[in-house]
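Visitor: Sequence:
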Amino acid sequence: MTLRPMQAADADAVLAVQQAAYPPSHHESWAVLGRKLALWPAGCWVMADGAGTVQAYLFSHPGRLDAPPPLHGLLDALPETPDAYALHDLALHPRAQGQGLGSVLWRQALACAHAAGLPAMSLVAVQGSAGFWGRQGFHAVDASTVAGLVEKLAGYGADAVFMRRPAWAAA
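Here full-length UniProt numbering is used: the first residue of the sequence shown is 1, the next is one more, and so on.
Some hints here could point you the wrong way.
[What the hints assert, rightly or not] DEER-style ranges, computed between Cβ atoms: (1) Leu39 <-> Trp168: 20 to 26 Å; (2) Gly117 <-> Ser144: 26 to 32 Å; (3) Asp49 <-> Pro166: 32 to 38 Å; (4) Asp12 <-> Gly98: 22 to 28 Å; (5) Trp168 <-> Ala9: 16 to 22 Å; (6) Pro79 <-> Gly100: 30 to 36 Å; (7) Arg4 <-> His114: 18 to 24 Å; (8) Gly148 <-> Gly117: 23 to 29 Å.
[Claimed, not checked] Listed next, the in silico SDA-like pairs over lysine to any residue satisfying Cα-Cα at most 20 Å (straight line): (9) Lys152 <-> Pro24; (10) Lys152 <-> Asp49; (11) Lys152 <-> Ala116; (12) Lys152 <-> Pro69; (13) Lys152 <-> Ala130; (14) Lys152 <-> Pro41.
The hints are simulated quantities; they were obtained by calculation from the structure and are not laboratory data.
No residue lacks a Cβ here, since even glycine has one placed at the ideal position from N, Cα and C.
Using the sequences and the hints, build the whole thing.
Guide: Given below as structure tokens:
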């Protein structure tokens with residue numbers, strides 16, 4: 001597998017991975033995802049097999065620690081004063097699971113956070129992925145302690161867990 005920067009030409013392949021990895025309620029349009037790529041290309045990566053087929057992807061960008069972007073939400077701009085690095089989506093095609101691709105993309109996201117100089121990272125864990133993220137040093141946050149977070153998480157599904165960690169902690 002090869003890790004490489006995402007390009008707009010990867011749109012169909014990224015959407016195919018998304019459709020295989022998530023239920024329809026989690027399928028974001030390319031308008032939403034492509035906007036993240038346009039705003040912060042340094043945080044968007046794909047893993048492709050030997051034939052060049054995209055098997056996994058990462059969307060990440062500077063953000064606000066306690067303000068994850070809403071699912072299906074089109075970003076107008078990145079925050080002028082970000083205080084965290086947001087992992088919006090890391091997805092693997094089911095046929096690519098168990099090959100360590102999630103860990104490779106996670107390390108890439110961590111490198112991006114370090115390059116951006118941001119002190120913390122945040123994400124919304126879905127589909128039972130909180131265990132994976134916990135092993136990467138993320139801790140669940142009680143959504144009721146953050147203004148507006150309960151409502152925002154509802155859009156991600158009943159099992160959504162908001163998590164954060166220091167960017168400089170050991171991976």
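Visitor: If any of the earlier hints don't hold here, list their numbers in rising order.
Guide: 5, 10, 11 and 14
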